[in-house]
Amino acid sequence: MERVQRGEVRAFDLLFERFRARLFGFLYRRCGDGPVAEDLLQETWLRVVRSRDRYDPQRRFSTWLFQIANNLCRDRGRRLAVERRGKRELTDAMLVEAPTGNPHPVDSRLDMPGLLGRLSDRQREVVVLRYFHDHSERDIARIVGIPPGTVKSRLHQAIRVMREQKAADAD
Amino acid sequence: MPTNIVCEKTSARLEAAFWSRRAPSPADVTHVASCPSCGGEWEALKAVANSLATSVPPEFAEVRARSIRQVVAREFANSTPPIAVATRRLPIGYGRELARILGWALLPLPIALFAYLQLFQFGAALLGQVLPEWGVVAVGFVAASAAASWLAVVYGSIPLVAYQRLSGFDDAFKTPHEVST
Numbered sequence: 000m001e002r003v004q005r006g007e008v009r010a011f012d013l014l015f016e017r018f019r020a021r022l023f024g025f026l027y028r029r030c031g032d033g034p035v036a037e038d039l040l041q042e043t044w045l046r047v048v049r050s051r052d053r054y055d056p057q058r059r060f061s062t063w064l065f066q067i068a069n070n071l072c073r074d075r076g077r078r079l080a081v082e083r084r085g086k087r088e089l090t091d092a093m094l095v096e097a098p099t100g101n102p103h104p105v106d107s108r109l110d111m112p113g114l115l116g117r118l119s120d121r122q123r124e125v126v127v128l129r130y131f132h133d134h135s136e137r138d139i140a141r142i143v144g145i146p147p148g149t150v151k152s153r154l155h156q157a158i159r160v161m162r163e164q165k166a167a168d169a170d
Numbered sequence: 000m001p002t003n004i005v006c007e008k009t010s011a012r013l014e015a016a017f018w019s020r021r022a023p024s025p026a027d028v029t030h031v032a033s034c035p036s037c038g039g040e041w042e043a044l045k046a047v048a049n050s051l052a053t054s055v056p057p058e059f060a061e062v063r064a065r066s067i068r069q070v071v072a073r074e075f076a077n078s079t080p081p082i083a084v085a086t087r088r089l090p091i092g093y094g095r096e097l098a099r100i101l102g103w104a105l106l107p108l109p110i111a112l113f114a115y116l117q118l119f120q121f122g123a124a125l126l127g128q129v130l131p132e133w134g135v136v137a138v139g140f141v142a143a144s145a146a147a148s149w150l151a152v153v154y155g156s157i158p159l160v161a162y163q164r165l166s167g168f169d170d171a172f173k174t175p176h177e178v179s180t
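Chains as they are written, first to last, in numbering that gives the first Met the number 0: chain F, 0 to 170; chain U, 0 to 180.
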């Protein structure tokens, strides 16, 4: 990455190749959509290039890279949730008089098959990083920006949700 | 140890094994086989693992990867390396090493300057006997310039010496491609 910071295009190519599959897998599991994951992958690398002066060589590059990618997924999740809420409110308003207050909480769950789609965004990000990418709890804490204890409790919650879901599916 | 404590500890280890996608230890396998509660727990975790295993990302088309790489490479080529990078590239502890070498190099400077001045005066007195005054001034000027240049070279190279001491002499003479990331 230091060579990328110095402006070496070849070093960037090596970095891109090294993380291509891992990053794509992460983005796909985070957002549940192949083409969207590809777009986010491009956006992640563009951000890496644009903000390379802010990279601290004493930190692991993968942590920084996944932090950028995860933030993009979060932004997208928030945008989608707001859009969905807007659509629902519009539908409600067309059917009946608009209710007071906010009856629809922000829904960050995905239209994604399988257990990952049943998890909330906060749970999914830690599960994907821990289970599929073997990041340590400390690393996840840095990527997600929460204390390691919170990572542990979110993983625990996620496992409970997934077990309940599996049990419900079996019934 | 009462069974519930054993189960609690086994449960924590089973969960850790689940997250790291490895098999439980032989001791835990034995316990799981004999304890219905832990056995059920492990079965549930295996069911979750099987379900997660179906979350396989689709093939990332080579054409798309190439196009992304081109877009990013274009952005990369168009953006000049920020000024901050030049500072960031200095090895850790560079400032301290520079101050240390500079300190050692400045120690003998007063003695060297004094000795040079003595030599200069002696030389001027000697030359004054054979050369006119303007000749002595000219030779003195040349000698002073030479001394100043010598000092500039010696003290000007100190930042480079400090850099090379910290980053290794080998790296300093490698091409950027040879130096590892």
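Be a bit skeptical, because a hint or two may be false.
[To be verified] Pairwise CB distance ranges, derived in the manner of DEER restraints:
hint	chain 1	residue 1	chain 2	residue 2	range
1	U	58	F	135	27 to 37 Å
2	U	108	F	19	47 to 57 Å
3	F	70	U	102	26 to 36 Å
4	U	95	F	116	48 to 58 Å
5	F	12	U	119	28 to 38 Å
[Claimed, not checked] Here are some chain F residues pointing at chain U (derived, C-beta under 8 Å):
hint	residue
6	24
7	27
8	35
9	44
10	48
11	67
12	71
13	115
14	151
Don't read these hints as lab results, they were simulated from the structure. It should be emphasised that the depicted structure is a prediction, and the values quoted were computed from it without experimental measurement. Ideal Cβ placement from N, Cα and C applies to all residues, glycine included.
For each hint, the structure was consulted:
1. U:58 to F:135: 27 to 37 Å: 29 Å Cβ-Cβ, so the 27 to 37 Å window holds.
2. U:108 to F:19: 47 to 57 Å: holds (56 Å)
3. F:70 to U:102: 26 to 36 Å: Between residue 70 of chain F and residue 102 of chain U, where Cβ atoms are some 45 Å apart, the hint is violated.
4. U:95 to F:116: 48 to 58 Å: Holds, at about 53 Å.
5. F:12 to U:119: 28 to 38 Å: violated (59 Å)
6. 24: holds (5 Å)
7. 27: holds (4 Å)
8. 35: Status violated, d = 12 Å.
9. 44: Nearest chain U Cβ about 4 Å off; hint holds.
10. 48: holds (5 Å)
11. 67: violated (13 Å)
12. 71: violated (14 Å)
13. 115: holds (5 Å)
14. 151: Hint on residue 151 of chain F: violated, closest Cβ of chain U at ~10 Å, above 8 Å.
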